[in-house]
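Taken in order, these protein sequences are the chains called A and B. Under the working numbering, the first residue of the first sequence carries the number 32, and numbering increases by one thereafter. Under the working numbering, the first residue of the second sequence carries the number 32, and numbering increases by one thereafter.
No wet-lab data here; the hints were simulated from the structure. Treat the hints loosely; a few may be bogus.
Just so you know, same-sequence chains aren't split out, so a pair can sit in one copy or run between any two.
Computed list of lysine-lysine pairs in DSSO-like fashion (alpha-carbon distance at most 27 Å, straight line) [claimed, not checked]:
(1) K82 / K308
(2) K79 / K51
(3) K79 / K59
(4) K336 / K269
(5) K119 / K336
(6) K208 / K307
(7) K239 / K145
(8) K196 / K179
(9) K125 / K59
(10) K140 / K58
(11) K48 / K239
(12) K120 / K270
Model, not experiment: these values are computed from the prediction.
There are 2 protein chains.
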Amino acid sequence: MVKVTESRLGTLRQKIKERKVEGFLIKKPQNTFYLSRCWAEGRILLTKREKFFITTSLFAEEARSKLSGWQIVIQKDSFEEAVFQICKKLGSKKIGFEASHFSFEEYRKLGQIKGTLWIPCPGLVEKERAIKDTEEISCIRRALRVAKATFDYVEARLRERVTEKDLAREAIYFLRKDADEEAFPLIVLFGERTSLPHGKPTQRRLEKNELVLLDLGAKIEGYCSDLTRTIFFGRVKKKWHQIYHLITEAQKDALHQVKPGVICSHIDKTLREKIKKAGYGEVFLHDSGHGVGLEVHESPSITFKSKEVLKPGMVFTLEPGVYLEGEGGIRVEEMVLVTENGGEILE
Amino acid sequence: MVKVTESRLGTLRQKIKERKVEGFLIKKPQNTFYLSRCWAEGRILLTKREKFFITTSLFAEEARSKLSGWQIVIQKDSFEEAVFQICKKLGSKKIGFEASHFSFEEYRKLGQIKGTLWIPCPGLVEKERAIKDTEEISCIRRALRVAKATFDYVEARLRERVTEKDLAREAIYFLRKDADEEAFPLIVLFGERTSLPHGKPTQRRLEKNELVLLDLGAKIEGYCSDLTRTIFFGRVKKKWHQIYHLITEAQKDALHQVKPGVICSHIDKTLREKIKKAGYGEVFLHDSGHGVGLEVHESPSITFKSKEVLKPGMVFTLEPGVYLEGEGGIRVEEMVLVTENGGEILE
Chain A
32 MVKVTESRLG TLRQKIKERK VEGFLIKKPQ NTFYLSRCWA EGRILLTKRE
82 KFFITTSLFA EEARSKLSGW QIVIQKDSFE EAVFQICKKL GSKKIGFEAS
132 HFSFEEYRKL GQIKGTLWIP CPGLVEKERA IKDTEEISCI RRALRVAKAT
182 FDYVEARLRE RVTEKDLARE AIYFLRKDAD EEAFPLIVLF GERTSLPHGK
232 PTQRRLEKNE LVLLDLGAKI EGYCSDLTRT IFFGRVKKKW HQIYHLITEA
282 QKDALHQVKP GVICSHIDKT LREKIKKAGY GEVFLHDSGH GVGLEVHESP
332 SITFKSKEVL KPGMVFTLEP GVYLEGEGGI RVEEMVLVTE NGGEILE
Chain B
32 MVKVTESRLG TLRQKIKERK VEGFLIKKPQ NTFYLSRCWA EGRILLTKRE
82 KFFITTSLFA EEARSKLSGW QIVIQKDSFE EAVFQICKKL GSKKIGFEAS
132 HFSFEEYRKL GQIKGTLWIP CPGLVEKERA IKDTEEISCI RRALRVAKAT
182 FDYVEARLRE RVTEKDLARE AIYFLRKDAD EEAFPLIVLF GERTSLPHGK
232 PTQRRLEKNE LVLLDLGAKI EGYCSDLTRT IFFGRVKKKW HQIYHLITEA
282 QKDALHQVKP GVICSHIDKT LREKIKKAGY GEVFLHDSGH GVGLEVHESP
332 SITFKSKEVL KPGMVFTLEP GVYLEGEGGI RVEEMVLVTE NGGEILE
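Produce the complete structure using the sequences and hints provided.
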């Protein structure tokens with residue numbers, strides 16, 4: 032474990048050096064965990080030789096027990112005051128910070144620290160996180176297996192008059208038997224409500240011959256899964272069968288394009304073109320996919336303008352969807368791992 | 032409903048005018064909901080005469096169905112591009128923004144919009160939200176009743192060898208019968224682990240004669256509850272009975288000080304002094320309380336340096352706790368409503 036974090040810190044230190052800053056201040060919880068393997072709430076200040084974990088008395092016991100080799104700083108007056116004391120000791124003049132995670136107001140307060148210049152360095156840790164190691168992929172696979180078992184459990188419990196909320200509640204109860212928690216709020220939608228890509232479960236009851244859309248994921252040791260299934264509860268219009276066929280074929284086409292070196296926008300384009308040709312381009316309301324790891328939405332983005340390049344170890348979703356307002360929608364979402372030679376659907 | 036949001040928008044417009052800006056850009060989801068009564072993900076640009084709800088195609092259907100009287104803008108290229116188009120149309124030169132919620136990076140992108148100056152205005156909506164109206168208090172009471180019923184349910188199911196995780200899972204299943212979701216991740220801790228103020232449930236099993244700490248809340252229509260109970264499962268050392276007595280007495284003392292016009296730091300001081308005198312000042316690891324509403328932690332802060340002044344309609348927690356590392360801890364948390372003449376424990 033220590034080896035893993037030391038290697039991650041080493042890579043980050045190299046990037047810090049390239050940016051010509053003397054240190055880097057990290058706020059995002061998934062990033063601090065990635066670098067420390069500790070979920071205690073806190074912020075990291077990394078310098079060439081030292082590593083500080085700045086936290087509050089609330090997390091002092093946890094931090095002390097999990098962070099050997101770190102300098103643990105318990106902030107007293109404020110976070111900025113603690114940072115000031117460290118900067119003063121180190122004599123640091125230029126420090127990078129996570130510009131996408133510190134608010135403008137937090138930046139302003141840091142800016143009041145005399146003698147230190149704050150350099151925005153967005154996305155440094157996120158870029159590292161996009162490529163998963165064996166242990167991370169194993170966590171994701173475990174989270175995926177729980178999600179799949181939950182689908183089976185829910186499908187077996189589909190019944191007339193059940194509400195979206197009750198079904199979601201039953202799914203959560205099952206999912207938490209083997210996972211730490213849901214990766215995100217479950218989406219359980221019936222009938223015409225399936226046209227809402229991010230709809231929340233309501234008291235809507237299921238009737239015969241309706242669409243059922245389930246989008247769910249589990250979290251294990253911080254790592255997420257994210258899958259979507261659309262189920263026909265009884266008979267549905269022929270149109271829905273055609274759309275289902277269309278989007279799963281589009282998904283296959285996109286999967287075949289996955290391999291190291293390919294630009295993400297090309298994957299999006301492949302998937303989108305097929306849906307466009309069938310006349311549903313305008314109602315494929317979202318991107319083709321997104322990376323999954325410690326966050327359920329992370330790098331790489333599978334969008335029409337994404338310039339990210341696929342690399343072995345990346346994990347992302349492919350999730351074509353067609354949404355007809357007032358009628359319903361279909362989405363199918365799988366998770367894909369970029370291998371040395373291509374891409375495989377994660378099982 | 033429209034009346035409520037119009038009144039809230041009116042108050043905010045007054046504040047915008049005082050700040051000498053022509054508009055105000057709002058990002059925080061609880062703030063956009065507070066002003067629009069719509070949970071669709073989006074941002075609000077409020078000007079003297081107009082109100083824009085800027086969202087993506089993912090939430091277009093929901094926004095259109097819920098936001099009458101609003102100008103709904105579906106962003107195409109990016110959020111900043113959508114804002115730019117509106118600013119150009121309006122000819123706005125100075126616009127305030129939620130400086131505590133927009134990241135530095137988002138601010139930087141907004142800054143590239145030609146002809147518009149961005150003025151940091153943190154906390155405007157939060158300050159309004161601190162004072163609850165009758166309908167909001169009624170939602171909070173409902174969320175509180177679900178939390179209390181969940182405590183009863185969990186207490187009745189305490190048994191030897193149950194794990195913290197399983198008990199949390201059972202609590203969630205029960206809570207979601209009548210609430211939309213948990214207000215925050217449940218804290219369920221046994222034995223020596225009760226000394227972790229924000230510990231997460233683990234596979235730790237309950238044994239006879241141990242402490243049990245439960246900290247949970249429900250969310251109904253966006254409004255949260257937040258309560259903590261410490262239970263003696265069997266016989267525990269006399270010391271724990273004494274600490275329990277001490278902190279509930281400190282809580283009562285603080286409650287008696289609650290009335291409009293009182294400064295929050297005074298409430299914290301009253302509670303803290305009593306615990307200090309008993310020799311536990313150093314191990315009361317956190318603040319005395321926090322406001323609860325659309326967020327589980329919001330204004331007012333009941334801390335030693337809080338200068339906020341209590342007003343009728345404010346709702347906050349009083350949560351003394353004593354934590355002995357390696358041994359265990361006790362916390363008792365109630366929710367208090369500031370009335371015209373004093374304060375009452377919410378039931």
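Hints versus structure:
1. K82 / K308: For K82 and K308, neither the intra-copy (54 Å) nor the inter-copy (37 Å) Cα distance is at most 27 Å.
2. K79 / K51: Cα proximity of K79 and K51: one copy only (11 Å, versus 45 Å across).
3. K79 / K59: Answer is within: at 20 Å inside a copy they meet the 27 Å cutoff, but 36 Å across does not.
4. K336 / K269: neither (34 Å within a copy, 65 Å between copies)
5. K119 / K336: between (43 Å within a copy, 25 Å between copies)
6. K208 / K307: Neither way: K208 and K307 sit 41 Å apart in one copy and 42 Å across, limit 27 Å.
7. K239 / K145: This pair counts as neither: shortest intra-copy Cα distance 68 Å, inter-copy 55 Å.
8. K196 / K179: both (19 Å within a copy, 21 Å between copies)
9. K125 / K59: Close inside one copy (20 Å), not across copies (31 Å); limit 27 Å.
10. K140 / K58: This pair counts as both: shortest intra-copy Cα distance 15 Å, inter-copy 20 Å.
11. K48 / K239: Result: close neither inside a copy nor across copies, 62 Å intra and 55 Å inter.
12. K120 / K270: neither (68 Å within a copy, 42 Å between copies)
In terms of the numbered hints stated before, the structure departs from hints 1, 4, 6, 7, 11 and 12, listed from lowest to highest.
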